[in-house]
Amino acid sequence: MSDKFKVEIISPEKTIISSDAKEVIIPSYEGEMGILKDHIPLITFLRPGVIKILNNTDKKFFVEDGTVEFSNNNLLVLSSTVKEISKIDMNNIKILLNEAEQKISQNNLTDKERYSISYKIQTLKNISK
Amino acid sequence: MPSLDDLKKRIKSVKSTQKITKAMKMVAAAKLRKAQENAEKGRPYSQKMQNIILNLTKSITDPENAPKLLVGTGKDHTHLCVVLTADRGLCGGFNSNICKLAKTNFKKILSDGKELKIITVGSKGLDQIKREYGKYIIKKFSFKEKKQISFHEAELIGKEIIKLFKEKEFDKCILFYNNFKNVITQIPQAQQLIPAENKSLATKTEEITSYEFEPEEDEILEDLLPKNISTQVFKAFLENAASEQGSRMTAMDNATRNAGDLVDKLTINYNRSRQASITKELIEIISGAESL
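Chains as they are written, first to last, in the numbering used here: chain A, 1 to 129; chain B, 1 to 292.
It cannot be assumed that every hint is accurate.
As the list claims (entries may be wrong) - A few chain B residues that face chain A, going by a derived Cβ cut-off under 7 Å, partial list only: (1) Arg43; (2) Glu214; (3) Glu216; (4) Ala289.
Said to hold, decoys possible - Computed list of lysine-lysine pairs in BS3-like fashion (alpha-carbon distance at most 27 Å, straight line): (5) Lys103/A <-> Lys159/B; (6) Lys68/B <-> Lys147/B; (7) Lys6/A <-> Lys163/B.
As the list claims (entries may be wrong) - Here are the in silico distance ranges between beta carbons for each label pair: (8) Asn51/B <-> Asn98/A: 52 to 60 Å; (9) Ile187/B <-> Asn73/A: 33 to 41 Å; (10) Ser128/A <-> Glu37/B: 27 to 35 Å; (11) Thr185/B <-> Ser19/A: 44 to 52 Å; (12) His39/A <-> Glu37/B: 42 to 50 Å; (13) Gln191/B <-> Asn98/A: 39 to 47 Å; (14) Val27/B <-> Lys112/A: 53 to 61 Å; (15) Glu13/A <-> Asn51/B: 48 to 56 Å; (16) Lys14/A <-> Lys135/B: 39 to 47 Å; (17) Leu36/A <-> Glu222/B: 27 to 35 Å; (18) Gly34/A <-> Glu37/B: 48 to 56 Å; (19) His39/A <-> Lys135/B: 36 to 44 Å; (20) Lys75/B <-> Lys112/A: 53 to 61 Å.
Just so you know, the hints here were simulated from the structure itself, not pulled from any lab data. Ideal Cβ positions, reconstructed from N, Cα and C, are used throughout, including at glycine.
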């Protein structure tokens with residue numbers, strides 16, 4: 001028995017990745033979560049962060065939101081904002097970062113929004129390093 | 001009997017029409033391939049989203065407190081119909097089919113004594129519906145300038161629907177669009193968005209897995225249901241785009257063929273009357289010569 005399971009990342013436009021993985025780390029809403037084979041069925045959603053797929057070659061994806069379902073050793077990530085990090089333009093990140101920083105300086109945000117934007121800024125900063 | 005000149009002109013005009021329809025067919029074919037690809041790529045997302053929601057609904061124990069978007073307001077008085085059509089014509093029965101389906105539904109809703117509200121997307125549907133049901137239209141969208149409709153536009157409509165729902169403007173929401181089956185067949189469809197249809201897909205008898213939720217399932221549903229509406233709208237968009245091009249391609253193919261037939265018929269007519277006039281002239285010459 002291999003210790004791998006299937007992972008799929010799907011955006012409304014297309015299937016972004018569909019492959020095997022040893023471990024997937026997802027930025028779940030209440031904290032990072034590492035998922036290995038035979039995890040119990042799970043449904044959760046994401047905050048801005050980085051999805052890491054650990055396999056022979058590792059892959060990283062930036063997400064802003066999304067929904068995750070794990071069942072029968074199938075990990076399914078639905079998100080409209082997935083981008084593979086190696087393919088993102090650094091200038092683009094700076095623009096996104098600026099936008100986010102401007103947004104968080106506004107006062108009319110709910111706690112929830114503030115929470116996810118602060119994570120967005122943090123992740124973007126980490127990526128641009 | 002039209003004169004030779006008239007026939008010539010007609011043949012020429014039919015031929016140039018044929019050129020146009022042929023070009024439109026080619027363009028539609030090229031666009032179709034892309035649209036079809038998009039529609040097929042977009043299907044898994046909406047399907048899986050539905051699945052997750054289905055799984056979530058199964059685990060809800062207390063339907064009284066479930067989110068309103070899922071179970072509805074409990075009433076069945078005001079219906080909101082969202083009609084998705086194209087912005088361009090010349091695509092066969094594409095727009096009319098959607099409108100026909102929508103109109104039969106409108107009629108039923110009104111004859112049941114219920115209230116009707118309409119949102120139209122795309123200008124062609126608006127034109128067809130506003131004649132009879134103009135006063136029910138509360139909102140119209142058109143993305144004519146957009147070359148390719150992205151998720152963003154779908155979200156716009158999704159948010160509008162949710163806003164209206166929260167303002168208690170309607171109890172039930174139905175989406176009309178064409179489902180792309182293949183190039184020749186597009187099936188107009190009415191899909192119920194709110195309350196989320198509990199189509200008992202459970203017939204597959206999947207063992208009900210009890211999920212672990214993080215955070216609570218109510219919260220997930222609260223987040224997921226609005227997203228699902230946008231997703232369903234987006235799916236409808238994609239299906240519609242593919243259907244439009246498919247329908248246009250078949251329509252233009254037919255038009256090209258018909259034009260070809262017409263040209264053939266006219267050419268035969270032309271040749272016949274040309275020959276007739278030559279024969280007539282010959283007879284005149286011969287009988288003239290004989291009389292000498």
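field: Non-conforming hints, listed in increasing numerical order
entry: 1, 3, 4, 6, 7, 8, 11, 12, 14, 15, 18, 19, 20
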